[in-house]
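Could you put the whole structure together from the sequences, leaning on the hints where they help?
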Amino acid sequence: MPDLIVIKSNSKIKVLAEFVKIFKYRTIVRSFIIRDIKINYAQTKLGIVWSFIQAITAAIIVNFFFGNVMHLQIKNVAYIVYAFPGMMGWYYFSYMVQNSGTSLIQWQHIIKKVYFPKLILPFYKSLVGLVEFFIWMILLLLLMLYNGTPLSVNVLLLPVGIVLNIITGLSIAIWLCALSVRYRDALHFIPFVVGFGILATPVFVETSMLPKSLSYVMYFNPMAGVISVYRWCFLNIPFSPYYLFGFIPVILLLISGTYYFRKMEKYMSDLL
Amino acid sequence: MERPDFALRVSGLSKKYTLQELEKNESLFQHLRGFITKKRTHTHSKEFYALRDIDFTIKTGESVGIIGRNGAGKSTLLKILSQVTEPTAGKLEINGKLASVLEIGMGFHPELTGRENVFLSGIMLGISKKQIEKCFDDIVKFAEVESFIETPVKHYSNGMYLRLAFSLVTHINADILLFDEVLGGVGDLGFNMKIYDKIEQLLEKKNTMVLVSHDLSQIQRYCQRFILLEDGCIKDQGGLEVIMHYFEKTITDNAESKESIENEIPEVPVAAEESTNEDITEKEPENKEVAGNEPGNGIIAAAEPVIDPAEDFEQQETILKNSDINIFEPGKHQPVNINYSDILKREDSKLFPPAVRTWDDIEKAPGNTHFSLKTVRIYGEGKDVSEPIYVSDKLCIEIEFNKLSEDAAIDLGIVISYLNTPLLASITSYPDFNRVFIKKGNYGIKAYIKPYTFNYGIFSLSVSALIDNMMTLKFSLPFKIVLNNQNMLNLNYYPGPLLSKLEWDIESKDNTE
Numbered sequence: 000m001p002d003l004i005v006i007k008s009n010s011k012i013k014v015l016a017e018f019v020k021i022f023k024y025r026t027i028v029r030s031f032i033i034r035d036i037k038i039n040y041a042q043t044k045l046g047i048v049w050s051f052i053q054a055i056t057a058a059i060i061v062n063f064f065f066g067n068v069m070h071l072q073i074k075n076v077a078y079i080v081y082a083f084p085g086m087m088g089w090y091y092f093s094y095m096v097q098n099s100g101t102s103l104i105q106w107q108h109i110i111k112k113v114y115f116p117k118l119i120l121p122f123y124k125s126l127v128g129l130v131e132f133f134i135w136m137i138l139l140l141l142l143m144l145y146n147g148t149p150l151s152v153n154v155l156l157l158p159v160g161i162v163l164n165i166i167t168g169l170s171i172a173i174w175l176c177a178l179s180v181r182y183r184d185a186l187h188f189i190p191f192v193v194g195f196g197i198l199a200t201p202v203f204v205e206t207s208m209l210p211k212s213l214s215y216v217m218y219f220n221p222m223a224g225v226i227s228v229y230r231w232c233f234l235n236i237p238f239s240p241y242y243l244f245g246f247i248p249v250i251l252l253l254i255s256g257t258y259y260f261r262k263m264e265k266y267m268s269d270l271l
Numbered sequence: 000m001e002r003p004d005f006a007l008r009v010s011g012l013s014k015k016y017t018l019q020e021l022e023k024n025e026s027l028f029q030h031l032r033g034f035i036t037k038k039r040t041h042t043h044s045k046e047f048y049a050l051r052d053i054d055f056t057i058k059t060g061e062s063v064g065i066i067g068r069n070g071a072g073k074s075t076l077l078k079i080l081s082q083v084t085e086p087t088a089g090k091l092e093i094n095g096k097l098a099s100v101l102e103i104g105m106g107f108h109p110e111l112t113g114r115e116n117v118f119l120s121g122i123m124l125g126i127s128k129k130q131i132e133k134c135f136d137d138i139v140k141f142a143e144v145e146s147f148i149e150t151p152v153k154h155y156s157n158g159m160y161l162r163l164a165f166s167l168v169t170h171i172n173a174d175i176l177l178f179d180e181v182l183g184g185v186g187d188l189g190f191n192m193k194i195y196d197k198i199e200q201l202l203e204k205k206n207t208m209v210l211v212s213h214d215l216s217q218i219q220r221y222c223q224r225f226i227l228l229e230d231g232c233i234k235d236q237g238g239l240e241v242i243m244h245y246f247e248k249t250i251t252d253n254a255e256s257k258e259s260i261e262n263e264i265p266e267v268p269v270a271a272e273e274s275t276n277e278d279i280t281e282k283e284p285e286n287k288e289v290a291g292n293e294p295g296n297g298i299i300a301a302a303e304p305v306i307d308p309a310e311d312f313e314q315q316e317t318i319l320k321n322s323d324i325n326i327f328e329p330g331k332h333q334p335v336n337i338n339y340s341d342i343l344k345r346e347d348s349k350l351f352p353p354a355v356r357t358w359d360d361i362e363k364a365p366g367n368t369h370f371s372l373k374t375v376r377i378y379g380e381g382k383d384v385s386e387p388i389y390v391s392d393k394l395c396i397e398i399e400f401n402k403l404s405e406d407a408a409i410d411l412g413i414v415i416s417y418l419n420t421p422l423l424a425s426i427t428s429y430p431d432f433n434r435v436f437i438k439k440g441n442y443g444i445k446a447y448i449k450p451y452t453f454n455y456g457i458f459s460l461s462v463s464a465l466i467d468n469m470m471t472l473k474f475s476l477p478f479k480i481v482l483n484n485q486n487m488l489n490l491n492y493y494p495g496p497l498l499s500k501l502e503w504d505i506e507s508k509d510n511t512e
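As given, the protein sequences belong to chains A and B, one line each in that order. Going by numbering that gives the first Met the number 0, the letters in the first sequence line up with residues 0 to 271, in that order. Going by numbering that gives the first Met the number 0, the letters in the second sequence line up with residues 0 to 512, in that order.
Any given hint could turn out to be false.
[What the hints assert, rightly or not] Distance condition first, Cα-Cα at most 30 Å in a straight line; then the derived BS3-like pairs of lysine-lysine: (1) A:Lys37 with B:Lys133; (2) B:Lys508 with A:Lys111; (3) A:Lys262 with B:Lys45.
These are computed hints drawn from the structure, not numbers from a lab.
Shown next as structure tokens:
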């Protein structure tokens, strides 16, 4: 028999308890993930091949523009091998931001009828994104193999990078998701985050190519940190520990976002 | 930890909506501008309490009906109980696994197939995949959607949607079940029968249930206790008398509004404008034949006079064609094994206010300058008023009144209402509408209605008087008719307010030329 559930209107919001709740409802998270994967891959003719096509196309275009046209050169590694971990991390980040924002609308039929902690929505979307992430990773490994780049043993710490990537994505996604309940405009904000964010992050360029003053700013861009960690993992390119500063705003955003999300959760079924 | 003995407990529950919020989503820009200039944009936003300070406890195994007019807060309350929305103030305790069917259907994702939705919803309700697999076939079979189970539910009709939702919720062994308008909700007679049977079974299994319905005659059968909501507050709670009072008030209000708005008859759909009062008089002779001419029996005149039968039939036809109604086919819906004697016991045990109304004060009694009512009584012939009235009883209606003036002729009549039908029958006290001149003084009238005229259910009686003009007196006396042993069989299968004992002839047509 399940526990006695007590709902009080004035109960305090505990951020940690919200994440514990997600764990409690993990079976729902799992079936949401399975459902999404089914819709994304099983119901299209080419299925998972589409993801490969996307990743390969991105690699070809970036290699052509930055490598062949602009002649960007990186020490010791082929340009595309250097750029690809960045693209991979950024793609995963943008997937989370884009899909979480609309996940409330996607699941509104269920939100209006059955209870579940809504924080599950942005969270499960971030896990669904892992499928694409691994596809990109496979492509990266193939590119490294093709270019004869050795795989660093640091790759064993890749999960740390992924976790950092997820919490960075979630910190933005949870805020957008909560804001979109009352202000649909928040969804229009997503293209800005994704479109301009990539320019403020050293995805295609080396930080050393940037002016000194800008590289200090980079330290506070968490995605710059995530990307550097990926490059360190795969290619053993060292990174400045100052990048860890970038995760201070992430943690703050994550806590405040969860708090605000929980506050908005009360109105979700009324406002959707 | 010791488990409390209640299933649901609610204290000080309120739900506030800000109308502005509901109207449109304020844009972020407007909000920021308002924030900066310190002028809040939604100064004209109105607050509105859908629920205000609700307190009640539902014991484990109890089934409770929530009644009230549209907009009284019934659905909001159910939404809060099922945790879909959160209360603005107050506390809610849920003890046990809770499942609900809210406003036609439950949380189905339109893109997913019926099968996927069953599993998903099951998981959302906290049931393991294995358990669902075990009863999956039963769920689908009960819902009668076998051939559509692999179709995305966005292609389902409302009826299929509700069937699947109801079937799922009742098969998963939840401790507490919430139903919003599943009784007679979608107009599929055949499935409604199954719903009734299923609810009977759940009652036997001592499931805790909360039902919201406008169908008072159904809800009164399945619930032991009732909560009447009005404007978001609990107006009344208790046994069957709550339904009685509510019903009485609805009928009275209805009569009053009918009086104030002439020629507009409420709750009668379509074609209302075309027929006038003249139609009624034209139809009367036909109706007299139906009622039979046994002395003492009233004449049933012009029940529901406003709908042109031909048009009504056409309308019904189109409704049938346009929806996936399973027309009730005998034999298709096999009665579930139900212990009717239990139902009987339950029915009898329900608190039952006797159908008597007495007015001591002439000033307050219904009437006019010519006469006033003293007592109205309804009972089964040869029985006391406090005893239940059975379908097989000859219904006895006693009216005592005071004739106050000498000269006017008086003609009293009886008006019977039934649930959503504000006027089921008008019955006159004397045949052929003869006015009777009687002297001043006290009089008593007894009118009898043949056994098996009305079906089981809650009816209401009012008195009409024809003195200078026709008036229906502003009171209504609810009474309940119950089924007794002889006719308990198939009680679910013959709904409707009337139950005439007809003559049936069956002859073979096979070898006739």
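Do the hints match the structure? See the list:
1. Using a Cα cut-off of 30 Å, the hinted pair lysine 37 of chain A and lysine 133 of chain B holds, with the two alpha carbons roughly 23 Å apart.
2. The suggested pairing of lysine 508 of chain B with lysine 111 of chain A is violated, with an alpha-carbon distance near 56 Å, which exceeds 30 Å.
3. A C-alpha spacing of about 21 Å is found between lysine 262 of chain A and lysine 45 of chain B, which places the hinted pair at or below 30 Å, so the restraint holds.
Hint 2 from the list above is the single one not met by this structure.
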